[in-house]
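Just so you know, the sequences run in chain order B and S. So the first sequence is numbered by this note's numbering: it starts at 1 and just counts up by one. So the second sequence is numbered by this note's numbering: it starts at 1001 and just counts up by one.
Rather than coming from a laboratory, the hints here were simulated on the basis of the structure. Ideal Cβ positions, reconstructed from N, Cα and C, are used throughout, including at glycine. Wrong hints could be hidden among the right ones.
What the hints assert, rightly or not - Every beta carbon over 10 angstroms from chain S, so not counted as near; a handful from chain B, in silico:
1. W29
2. T54
3. L55
4. E56
5. F65
6. L84
7. A102
8. P125
9. G147
10. L167
11. G175
12. A178
13. I185
14. M232
15. G251
What the hints assert, rightly or not - Distance condition first, Cα-Cα at most 27 angstroms in a straight line; then the derived BS3-like pairs of lysine-lysine:
16. K1104/S with K51/B
17. K1093/S with K1104/S
18. K1034/S with K1104/S
19. K51/B with K1093/S
Unchecked claim - Covered stretches of chain S (chain B as the covering partner; in silico rule of three or more C-beta atoms under 8 angstroms from a C-beta of chain B):
20. 1017 to 1026
21. 1032 to 1040
22. 1150 to 1161
Okay, here's what each chain looks like letter by letter:
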Amino acid sequence: MRLRIQWEQIVWYIILVVLLVSSLAPIVWMLSTSFKPEAQIGTTEIRWIPKTFTLENYQRVVDQFDIFGWLVNSIVVAVIATVLVLILDSLAGYALARMEFAGRNLMFILVISMLFVPIQITVVPLFLIFSKVNLTDTFPALILPIGANVTGVFIMRQFFMSIPSELEDAAYVDGAGAFRIWWSIVLPLARSASTAVAIVTFLSAWNSFFWPLIVTRTDAVRTLPVGIAQFMSTRPGQSMNAQAYGMSMAGAVFAAAPPIIFFYVLQRQFIRGITTTGLKG
Amino acid sequence: MSFTEWTIVGSPEFTGLANYQDMLSDQRFLTALKNTVRFVAFTVPALIVLSLLVAIFLNQARRGRALGRVAVFTPYVLMPTVVGVIWTWLLEKDFGLINVYLGKLGIPGPPWLVDPDYAMFGIIVTTVWWTVGFNTVLFLAGLQDIPEEYYEAAQIDGANRMQVFFLITIPLLSPTIFMVILLSIINSFQVFDQVYVMTSGGPGTATLTLVHYIYTTAFQFRKMGYGAAVASVLFAILITFALLQIRLYRRGVRGIDG
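Hey, can you work out the whole structure from these sequences and the hints?
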């Protein structure tokens, strides 16, 4: 019996190590390559810890690409989009959950049906609309389509439906208006739902590639994912010179570090955000 | 819009169903459709089986499981373009980590992304690595919703592990499993970012996918109407799975009227 338990323990640790290695090794290898001088990259000798460390890959990335500009653009887009989504979605979700108005059911059905229309489908008309009003290659073009995301509306509406309305009724009796009730009673209650929506919106804005690739042309508004893709698209489908990967990895580290740090700090909220929106959206 | 011929300058010209007719004889479109279906057919089962196993494994109350969960989820917080960049390097034919290790084991590694026969497989591996954590988190949430009492009762009745797994865990987890399958199918049909970064649809058309085809027709060759028509086909595919998803989900949503 005792022996069996020990065996189980050993198997557990072996599988755990396999999981850790297979999940993290590619990331560690990226980090390791990014610090290697050229001569150590194009070789079949595997060194997880570089023989000599160098920052020249990072130096080259900064010299040749406007990577700080992309980083700032990414932050601007993700932050504004997240704030916009939080305000709009909690207002819309609240209206759909609590207010009586003509066409409410129709509105809700529209919201639900939009849940299943990704930007990949609407991209052609969307692009034409933005080019009609001369807004391609601008921040509004990057932000507005994310702001119009309906997943958050749905999540917030479901959340508001789940809380009792007595508090709001009491506030109403005391003479508070709908907007006041939303701001000082409903929103504070909705912290967990809003955090979930915020994290998921931020992550999807941060990672979003397809639309920014289409709608941006210049470094003035280009975001990180689009910029990073340029490292590889010099000779698409071709094998690059192995030495060039040092620079690519340095760029990748640049883009990978913020979300990883963000995730390690906010683990619990992250996971909760993913499960609420993933399963219920 | 999909019923028009429209280059971005000038005005659209109504052409009825011509775009859809063209598609039937458009070899690139058919290849893109075939590649996408192949991609879905490989990634979805791999993702479901792997992440279910990982979730069940990490659902045990043992030391190190929190660490395991964080590690498994980490790839998913990376942007797909970065994942593409990392894996292009890992799968490099001569000096990539994977082929170097394969070489040490005496196995000649295939040229992966530069070989039409292996390129899609490279992208599939990349995608699975990237998304397993996401599905695992969903499965873990589902597993935690199964009441402890069922397991206790099974233990009292003397059920062995296999019985517990197939007679309790799987049936009670099935709503989650269905949701995750549909979610994975819907996401996999939209694959683009990794492909764009790793192969740009190549070599030749070996990894051309539907979304990639929409991108090239509408935004590189400026055939807006045709691009929209291809998008409509993708939409028809997605909506079919989405309707299934809604039907399954209905039970969970409060009635429209609250």
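Hints versus structure:
| no. | hint | result |
| --- | --- | --- |
| 1 | W29 | violated, 6 angstroms |
| 2 | T54 | holds, 17 angstroms |
| 3 | L55 | holds, 19 angstroms |
| 4 | E56 | holds, 17 angstroms |
| 5 | F65 | holds, 13 angstroms |
| 6 | L84 | holds, 21 angstroms |
| 7 | A102 | holds, 14 angstroms |
| 8 | P125 | violated, 6 angstroms |
| 9 | G147 | holds, 20 angstroms |
| 10 | L167 | holds, 17 angstroms |
| 11 | G175 | holds, 25 angstroms |
| 12 | A178 | holds, 17 angstroms |
| 13 | I185 | holds, 19 angstroms |
| 14 | M232 | violated, 5 angstroms |
| 15 | G251 | violated, 7 angstroms |
| 16 | K1104/S with K51/B | holds, 21 angstroms |
| 17 | K1093/S with K1104/S | holds, 14 angstroms |
| 18 | K1034/S with K1104/S | violated, 35 angstroms |
| 19 | K51/B with K1093/S | holds, 23 angstroms |
| 20 | 1017 to 1026 | violated (count 0) |
| 21 | 1032 to 1040 | violated (count 0) |
| 22 | 1150 to 1161 | violated (count 0) |
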